[in-house]
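Heads up: the sequence lines are chains A and B, in that order.
Residue numbers for the first sequence follow the working numbering, so the first one is 64 and each next one is one higher.
Residue numbers for the second sequence follow the working numbering, so the first one is 33 and each next one is one higher.
Calculated from the structure, these hints are not laboratory results.
Mixed in with the good hints there might be a few duds.
[What the hints assert, rightly or not] Heads up, simulated PhoX-like pairs for lysine-lysine below, C-alpha to C-alpha not over 25 Å straight-line:
| hint | chain 1 | residue 1 | chain 2 | residue 2 |
| --- | --- | --- | --- | --- |
| 1 | B | K306 | B | K67 |
| 2 | B | K339 | B | K322 |
| 3 | B | K103 | B | K176 |
| 4 | B | K176 | A | K147 |
| 5 | A | K147 | B | K269 |
| 6 | B | K248 | A | K142 |
| 7 | B | K137 | B | K103 |
| 8 | B | K103 | B | K130 |
| 9 | B | K176 | B | K130 |
| 10 | A | K147 | B | K130 |
| 11 | B | K306 | B | K322 |
Bear in mind that the values here come from a model prediction, so they are computed numbers and not experimental data.
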Amino acid sequence: MESAKPVTHPILARFARYRWDKIREQHQVVFPEGVLVVNDSSAEILALMDGRSEDGIVEALEDKHGAPEIREDVQEFLKILFLKGLLANGNNHSR
Amino acid sequence: MATTTVDRPMALLAELTYRCPLQCPYCSNPVELGKYSEELDTETWLRVLREAADLGVVQAHFSGGEPLLRKDLAELVREARALDIYTDLSTGATLATKERLAELKEAGLDGLQLSVLDPRADQNDWLAGTKSFEQKCAAFEFAKELDFPVTLNIVLHRHNLDAIEEIIALARDWAVERVEFAHVQYTGWAYENRAALLPTRAQLERAQLLVSAFEKEVAGQMRVLHVLPDYYQDVPKGCLQGWGSVFLTVAPDGAVLPCQTAREIPTLEFPNVKTQDLESIWFHAPVFQKFRGTDWLPEPCRDCERKEIDFGGCRCQAFLLTGDAGVTDPVCTQSPHHQLVEAAIAAASEPSTDFQYRVMRR
Ligand code: SF4
Ligand code: SF4
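Bound conformation, chain B alone (with noise of 0.2 Å):
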């Protein structure tokens, strides 16, 4: 595809860092974590955060890991916010002082998105491998002191999709400005998990009426954001809005990937901010044409309506079912391995509680 029919990307997502003080089974941090512990340095995030506002990108969502763990998060909100660029930040809050948000707010950070992994405190601190919830509800306190608009972030699966009225109790309790529910997505870490955090169809249908409702609800005074289990659907969710046409991600290494889990698919090469600039890697880099677009497509998306909506589904997805990035998402009814979907869906009646926490290995 000609460098001239590529739009300029909107998004930059900064994963500051993979290391986290929690251990969340469905994180979507790589599970060779070990593998890239290496950090960029302040001076080289501070270029980056330049070169993708030369670029074009207007927001940048600082994650990681846990972004807290850099002395220099608001140094980098800081410079984003020089260049215009809107912020906001991931946090699992439990290195939120109020020293620590404070410094951000003044930053000129423009929202917080706090992360709670359950309503009740002992289970999240059961999911999260750590006991964290009541900082996390000091994190809120601070937050909202500091008048931050707040979103709160929970991630649902089996084993909080019943207590769906607890979560909402909580978000309305907290009074937050948005609240995300978003299922886990099945790569990474939750790939590994799916047996164990995979929902009955029965639990989701329940939690999403519940979650309508409040949703309807709330219109006009909370933003309610639904994220669907593609497990569940009969055609995949978009890959992003399309590879390399909004969104970038630079990893806490400096590589810089089309979408956060790009790094399960072991065939692709990833240029590095070390080495090369934003604009040069954005338009040229060969790991970013290689989704591009729909000519890449295979059947049956080939000929399908919704080409342009999905773009084959998740590729990490594609891959990590069926060992190849370049065939249909197998989510999609379409698609010639749907019925390894649909044997992970029959599983999940068999539940089990074995996680593997996120830890890091080599």
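In isolation and in its complexed conformation, chain A is listed as follows (with noise of 0.2 Å):
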């Protein structure tokens, strides 16, 4: 097998799942190890990984609030779920 492959559909690795947990009043990203929780833009990201492209969800935040520094938050929140090995490529999956 080669090195790993470059992820250009982003979407959450299939074991994990995205939840709001009322008691807490936060999001969360749960999977069989642990739970990671993130923040309001990290859950807007998580919401666009619908198997569009990285470039497809930057755009459609762009277009929603227009904020410069969009392309490096996702890049940024995408590093942290590949780093917790959370991260798919939604193209390797027929869903």
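Relying on the hints, combine the two individually framed chains into one complex.
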């Protein structure tokens, strides 16, 4: 197997799930060995991780907020997910 | 410690049954299995799940024994999902027919953890004490067909550590989403079989390099978890993320345990869901307070910078090795009892294959 393929269409790993915690009032990504608590803007990125490309996510956010550093925010959050093993490529799976 | 400073638990380990068709010699169930043969009924488990959700639990791990022996498993999974609890199942997979797995999929099960004892069929069957490898492979195929994200679980020890390449090959071959390499934790049955299971340092170091290389190679495609054997570390594993801090276990008979193996400590008394609700147990039961936080810590942990990381190590291990659950885990090189661990490691150079398979006994 060659080295890790780049993730072009980021989605959450299939064993991970987003949920809103009513008791703690926080966004969470839950996976078998733990829970990642994320802030509002990361949750917004998560909601857009539906199989579209990274550019597609950035564009959608820019349309909504028009802020300049959106691409960096997206890349930074995707990196966190990648390092935690929670990122998959939407193109790899038929869904 | 006052109630207000105690966090709500995140994870519930629901041990649905201690019954199991396999006899793994490192099983984490109590050695005195037969003492706890009574099992909670479906109604009570449903109530436990509701109480857990109210208490703040966000994930439920259904485990055993073999949880597929419970006919109400899918019903429990469905309830957990309705409560917005993340669900996963640890199974030995010999009972995982396509029908059962399809039922679980439909109930909303999020993930499936499938254990293989050894990548070599004959070795697997020898370790399990039962022919089971073929059934595990079949279960894996069903899981793929049903589009379950699968974790391959493999417990590492002296007898399969040298087959690490084959284990890696199996993970590749199956293209699982996650693979967990977990060294035996020497409590329960594994403690009884320690002389036969403890690997040598050379075995361990070789395997560790191969697993790390594999982990790097598949980063972004497969999640690799690697649980190291604490006997060969200088500091202990954390006691979960603190006793009574994140996890709770409900045992098959309804006993509520701060950790899965806490029954090893005979001086502890465990509350039961049949007579008390989870909330009052979590916040008030003496057994949850006993080793909570860091105030109770003995020397040398009291002044150690790692005390918030490992909480003095495993209470069950401290008890098993020294007879006192309240001392520093002897795995720690600073423990006054550390020579007990060194002696066990020295003994590992004279291996024995004399297993005591897991059996029901009183
Ligand atoms: S460790 Fe083995 S014997 Fe114990 S419950 Fe799991 S599969 Fe069964
Ligand atoms: S002295 Fe105690 S707290 Fe420090 S590393 Fe050892 S077990 Fe952990």
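Hint check results:
| no. | hint | result |
| --- | --- | --- |
| 1 | B:K306 x B:K67 | holds, 17 Å |
| 2 | B:K339 x B:K322 | holds, 16 Å |
| 3 | B:K103 x B:K176 | holds, 22 Å |
| 4 | B:K176 x A:K147 | holds, 23 Å |
| 5 | A:K147 x B:K269 | holds, 20 Å |
| 6 | B:K248 x A:K142 | holds, 15 Å |
| 7 | B:K137 x B:K103 | holds, 15 Å |
| 8 | B:K103 x B:K130 | holds, 15 Å |
| 9 | B:K176 x B:K130 | holds, 10 Å |
| 10 | A:K147 x B:K130 | violated, 31 Å |
| 11 | B:K306 x B:K322 | holds, 22 Å |
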